[in-house]
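Protein sequences appear in the order of chains W and X.
Under this note's numbering, the first residue of the first sequence carries the number 11, and numbering increases by one thereafter.
Under this note's numbering, the first residue of the second sequence carries the number 2, and numbering increases by one thereafter.
Among the clues, some could well be false.
Stated by the list, open to error - Not the full set, but computed from the structure, chain W residues with beta-carbon under 8 Å of chain X:
| hint | residue |
| --- | --- |
| 1 | Phe14 |
| 2 | Gly78 |
| 3 | Cys92 |
| 4 | Ile213 |
| 5 | Ser217 |
| 6 | Tyr245 |
| 7 | Asp246 |
| 8 | Ser332 |
| 9 | Asp335 |
| 10 | Val337 |
| 11 | Lys338 |
| 12 | Thr374 |
| 13 | Phe422 |
What the hints assert, rightly or not - Below 27 Å or equal to it, Euclidean Cα-Cα: the simulated DSS-like pairs (lysine-lysine) are:
| hint | chain 1 | residue 1 | chain 2 | residue 2 |
| --- | --- | --- | --- | --- |
| 14 | X | Lys149 | W | Lys356 |
| 15 | X | Lys222 | X | Lys259 |
| 16 | X | Lys99 | W | Lys338 |
| 17 | W | Lys242 | X | Lys149 |
In case anyone wonders, no lab produced these hints; they're calculated from the structure.
What you are looking at is a predicted structure, and each value in this text was computed from that prediction instead of being measured.
Glycine included, each C-beta is placed from N, C-alpha and C at the ideal position.
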Amino acid sequence: MFSFTSIKDYHADLLHGRTTCVAAVQYFLAQIATKKHLNAFLEVYAEEALARAAQLDDSLTESGSLQGPLHGVVIGLKDVICYKDHAVTAASKILEGFTSIYNATAVERLLAAGAVIIGRQNCDEFAMGSSNENSAYGNVLNDADNDRVPGGSSGGSAVAVQAGLCMVSLGSDTGGSVRQPADFCGIVGMKPTYGRISRYGLIAYASSFDQIGIFARSVPDLAIVLEIIAGKDAYDSTASATPVESYSHLLHQVATPKRIAYFRQALEHAALDPEIAAAFRSFIKTLTDNGYEVEPIDFEYLDYVVPAYYVLTTAEASSNLSRYDGVKYGYRSNGNDVSLTQMYNKTRTEGFGKEVQRRILLGTFVLSAGYFDAYFTKAQKVRYLLVEKTKEIFSQFDAIISPTVPSPAFKFGEISDPIEMFLADIYTVFANLTGIPAISLPLFIHSNNIPFGMQVMTFQENDLCLLSLSEQMMQLASKK
Amino acid sequence: MLQLIPLQPFITRNTMSFADKYEAVIGLEVHAQLATASKLFCGDSTAFGAAPNTHVSAITLGHPGTLPMTNKKAVEYAIKMGLACHCEIERYNYFARKNYFYPDLPKGYQVSQHTTPICKGGYVMIKTETGNRDIQLNRIHLEEDAGKSIHDIEEDYTCVDYNRAGTPLIEIVTEPDLHTADEAYQYVTEVRRLVRWLGICDGNMEEGSLRCDANVSVRLKGETKLGTKVEVKNLNSIRNVKRAIEYEITRMINLLEKGERIIQQTRSFDASTDTTFAIRDKEEANDYRYFPEPDLSPFHLSESFIQNIQEAQPALPYELQEKYKVAGLSEYDAAQLCTEKEISDYYNKVIKHTTHYKAAANWINGPLRQHVNDAKITFDQLQLSPLQLVALIQMVEDGKVNFSVASQRILPVLIGNEELTPLEVATEMNLLQTSNSSEIENWIDEVIKNMPDKVTEYKRGKKGLIGLFVGEVKKRSKGKADPKAVTDLLQQKLNA
Numbered sequence: 011m012f013s014f015t016s017i018k019d020y021h022a023d024l025l026h027g028r029t030t031c032v033a034a035v036q037y038f039l040a041q042i043a044t045k046k047h048l049n050a051f052l053e054v055y056a057e058e059a060l061a062r063a064a065q066l067d068d069s070l071t072e073s074g075s076l077q078g079p080l081h082g083v084v085i086g087l088k089d090v091i092c093y094k095d096h097a098v099t100a101a102s103k104i105l106e107g108f109t110s111i112y113n114a115t116a117v118e119r120l121l122a123a124g125a126v127i128i129g130r131q132n133c134d135e136f137a138m139g140s141s142n143e144n145s146a147y148g149n150v151l152n153d154a155d156n157d158r159v160p161g162g163s164s165g166g167s168a169v170a171v172q173a174g175l176c177m178v179s180l181g182s183d184t185g186g187s188v189r190q191p192a193d194f195c196g197i198v199g200m201k202p203t204y205g206r207i208s209r210y211g212l213i214a215y216a217s218s219f220d221q222i223g224i225f226a227r228s229v230p231d232l233a234i235v236l237e238i239i240a241g242k243d244a245y246d247s248t249a250s251a252t253p254v255e256s257y258s259h260l261l262h263q264v265a266t267p268k269r270i271a272y273f274r275q276a277l278e279h280a281a282l283d284p285e286i287a288a289a290f291r292s293f294i295k296t297l298t299d300n301g302y303e304v305e306p307i308d309f310e311y312l313d314y315v316v317p318a319y320y321v322l323t324t325a326e327a328s329s330n331l332s333r334y335d336g337v338k339y340g341y342r343s344n345g346n347d348v349s350l351t352q353m354y355n356k357t358r359t360e361g362f363g364k365e366v367q368r369r370i371l372l373g374t375f376v377l378s379a380g381y382f383d384a385y386f387t388k389a390q391k392v393r394y395l396l397v398e399k400t401k402e403i404f405s406q407f408d409a410i411i412s413p414t415v416p417s418p419a420f421k422f423g424e425i426s427d428p429i430e431m432f433l434a435d436i437y438t439v440f441a442n443l444t445g446i447p448a449i450s451l452p453l454f455i456h457s458n459n460i461p462f463g464m465q466v467m468t469f470q471e472n473d474l475c476l477l478s479l480s481e482q483m484m485q486l487a488s489k490k
Numbered sequence: 002m003l004q005l006i007p008l009q010p011f012i013t014r015n016t017m018s019f020a021d022k023y024e025a026v027i028g029l030e031v032h033a034q035l036a037t038a039s040k041l042f043c044g045d046s047t048a049f050g051a052a053p054n055t056h057v058s059a060i061t062l063g064h065p066g067t068l069p070m071t072n073k074k075a076v077e078y079a080i081k082m083g084l085a086c087h088c089e090i091e092r093y094n095y096f097a098r099k100n101y102f103y104p105d106l107p108k109g110y111q112v113s114q115h116t117t118p119i120c121k122g123g124y125v126m127i128k129t130e131t132g133n134r135d136i137q138l139n140r141i142h143l144e145e146d147a148g149k150s151i152h153d154i155e156e157d158y159t160c161v162d163y164n165r166a167g168t169p170l171i172e173i174v175t176e177p178d179l180h181t182a183d184e185a186y187q188y189v190t191e192v193r194r195l196v197r198w199l200g201i202c203d204g205n206m207e208e209g210s211l212r213c214d215a216n217v218s219v220r221l222k223g224e225t226k227l228g229t230k231v232e233v234k235n236l237n238s239i240r241n242v243k244r245a246i247e248y249e250i251t252r253m254i255n256l257l258e259k260g261e262r263i264i265q266q267t268r269s270f271d272a273s274t275d276t277t278f279a280i281r282d283k284e285e286a287n288d289y290r291y292f293p294e295p296d297l298s299p300f301h302l303s304e305s306f307i308q309n310i311q312e313a314q315p316a317l318p319y320e321l322q323e324k325y326k327v328a329g330l331s332e333y334d335a336a337q338l339c340t341e342k343e344i345s346d347y348y349n350k351v352i353k354h355t356t357h358y359k360a361a362a363n364w365i366n367g368p369l370r371q372h373v374n375d376a377k378i379t380f381d382q383l384q385l386s387p388l389q390l391v392a393l394i395q396m397v398e399d400g401k402v403n404f405s406v407a408s409q410r411i412l413p414v415l416i417g418n419e420e421l422t423p424l425e426v427a428t429e430m431n432l433l434q435t436s437n438s439s440e441i442e443n444w445i446d447e448v449i450k451n452m453p454d455k456v457t458e459y460k461r462g463k464k465g466l467i468g469l470f471v472g473e474v475k476k477r478s479k480g481k482a483d484p485k486a487v488t489d490l491l492q493q494k495l496n497a
């Protein structure tokens, strides 16, 4: 019987003939069928995945070596990442029936490294949401408690790893959409430095915030995948040209940073669940007991991060989503005797869900003549201040820690006020506003038996430092 | 005393009578499609005339997840134009999104330069009746073109061709610095010559590679405030630019004279009637919600990048014109040589090997231009080496053949046969002029014999007939007879 612990062990088993890629794929397909009620996958590529696994097995038998660093690694894709000749809908009705004619750069690199893509995963429509309640294709359930949300927007991708439906998932993180569901589902979820992974083939929500993120059961697994898909790209001018380090090898070799800060205001925030605050404080003690210097610092901008984030992301989204107009592809409202404007209105009203429409309207408003300076320009100033603040903090510290989310996974329908929902992002949007890498580590279990995590952030392009520190913290937590 | 002017005549003819009362203020926006092989933000071809929707990758079509990458060549071309127009080149550049919905706009926004054009200020020198004038530019910026909506193929549908979508354009925007339709005509002519000269745009207005919109207003002379502006679109030839502006100025002055208000609107030119008609009022104007394009990193232009472009810049037409005038050419000849870069390039090669500047100019502006036009080619395709031309010029100067023989008999043989020399051709065809008097004498005797009446008239005093006799001798000699020797001998014989 196949069981999955880590990519390293899986590869060892493959090389020693103890298992096969086909066995792995069969195992996950069976798991997906058993856990169908979770609604994590929108489409499963069963036959294709089996065929590819068989071909990988053959190549291993023939050559005696793995075809690449991700040989036979079974990966799911959030339904916002383009995979050539496969449907991609951003969990929206407006892209119903749309098939991508090209591969995202990340997918191209996964395939070249030997990965098996097993299916596309449910999420909030156009990655907008914090609970996965905004999908046109239904809610995703948290495998730890089916009455609770898995978080969002990459809910399906988080649950797929949580419930053992694949080894690794790729999600996207614009304001916490990888870290928050990782927190709710008790797994590792990382948003690398902005631009570390090419965005080519990632359906845009907010271009200057979006970053592909990775879900895995462990930090080393995540590191292997990141080092494969990261790096400059001739199709994305915003991708970083900094050479990619061998994260998986250097993970245990680099000196672990010791100077850690946390925001005093974050721990004093009214929205923070007391149990999460207590767990966080107790982990600070574990850290200091183990030789880390952990210091509170003032962060006077905390109340501005969520408003600035929503002004800027919705502005970009209102423009990014203009292309879904019923003219070239995807959904078009039927009804022939309508004017062009009516066709646009009907198509977009029928094709987009409520939350997406809310954000398009908000974004259109903040960019409008007469309001631009009051909202967009001001929010940009906040963003600039935050970037400066980040430089200042990281001149004195190696990392910032915080709870990932102020509350544990909530129940379906529990939060109906969109503003209250936006507050779930209060700790995560900072990393997207400033472009720094951030990760959520599954360190804690709530008294209601729901897991929750802690967020770690390091300076721009210090993804290796983040991974190495995360691995240390995971070890510390397991020793406790 | 006030005079009543009948309405029709003043609309069509007597506008000039208002020349002292009103002043037109015109600003022009010229869009030039850059002659890069690929589009502004992706590798798709920009070739004109392909089957619809064949140069359309996922990026051109704005498929989900696609991103732009800036074409460096397009940036270089924009800078070339900026340097030629004496603009200030912006070192820190970024693009903006101009948001609006239209079926031929694949992404729902156009990527353009809004707040930071790559070239600022500058001017374009034009010739006017009263001398040269520098037309001040506001900016030259880069942007992508939209696709093409075609409304007349299908009865019930509009068809969209996205081949053009994403083609790089520069928009060259003047200050409101022109005052007559003729200045506008001269300005667009000069811009067209410049972009072609620099090789950055083919300048073809019919195919839409060069497009012009005119902003026209009129005001009382002496008034400093600008009048209400009308934008005229669809000007697909330089002639139409002129006619549309002429029409607009007259129309607006008429309205003002009647005490009516000019409405700020966008109008289109109808070339079949030489009139303009309103397509929309400005009150319906879009709010384009410009903001910085987040999918493209800002780009810095290094000094060396600009320096390299500057160094590779060809000599510009007005610079060459001056140079030619200094070398002794007339204003007209110099200008003719600079109408196209291929012509001046050819001339420059020729005058490397001869000092007969004027003769070289005459050859190029005369028979060679005629040949090139007839053959529908350009001077760079002319199969006559500059050295062949130099040798031909020298033969004429040396009196070995005369110009008409050289241009009408020898030149056609030389073209296409770059291995032949003019001397070989002239010798082979027996065209070299002769001053051998016995040969000439024979021809003269024949002429005198055949024209007894004319000889009698000459002898009675009609001395002007000498030209006729010389012509006859030349005809018989097939151009070989040296006209000077013929005239001398004829006079001797006739006066004997």
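Now the hints, each set against the structure:
no.	hint	result
1	Phe14	violated (29 Å)
2	Gly78	violated (24 Å)
3	Cys92	holds (5 Å)
4	Ile213	holds (4 Å)
5	Ser217	holds (4 Å)
6	Tyr245	holds (6 Å)
7	Asp246	holds (5 Å)
8	Ser332	holds (2 Å)
9	Asp335	holds (6 Å)
10	Val337	holds (5 Å)
11	Lys338	holds (6 Å)
12	Thr374	holds (7 Å)
13	Phe422	violated (28 Å)
14	Lys149(X) - Lys356(W)	holds (24 Å)
15	Lys222(X) - Lys259(X)	holds (18 Å)
16	Lys99(X) - Lys338(W)	holds (20 Å)
17	Lys242(W) - Lys149(X)	violated (34 Å)
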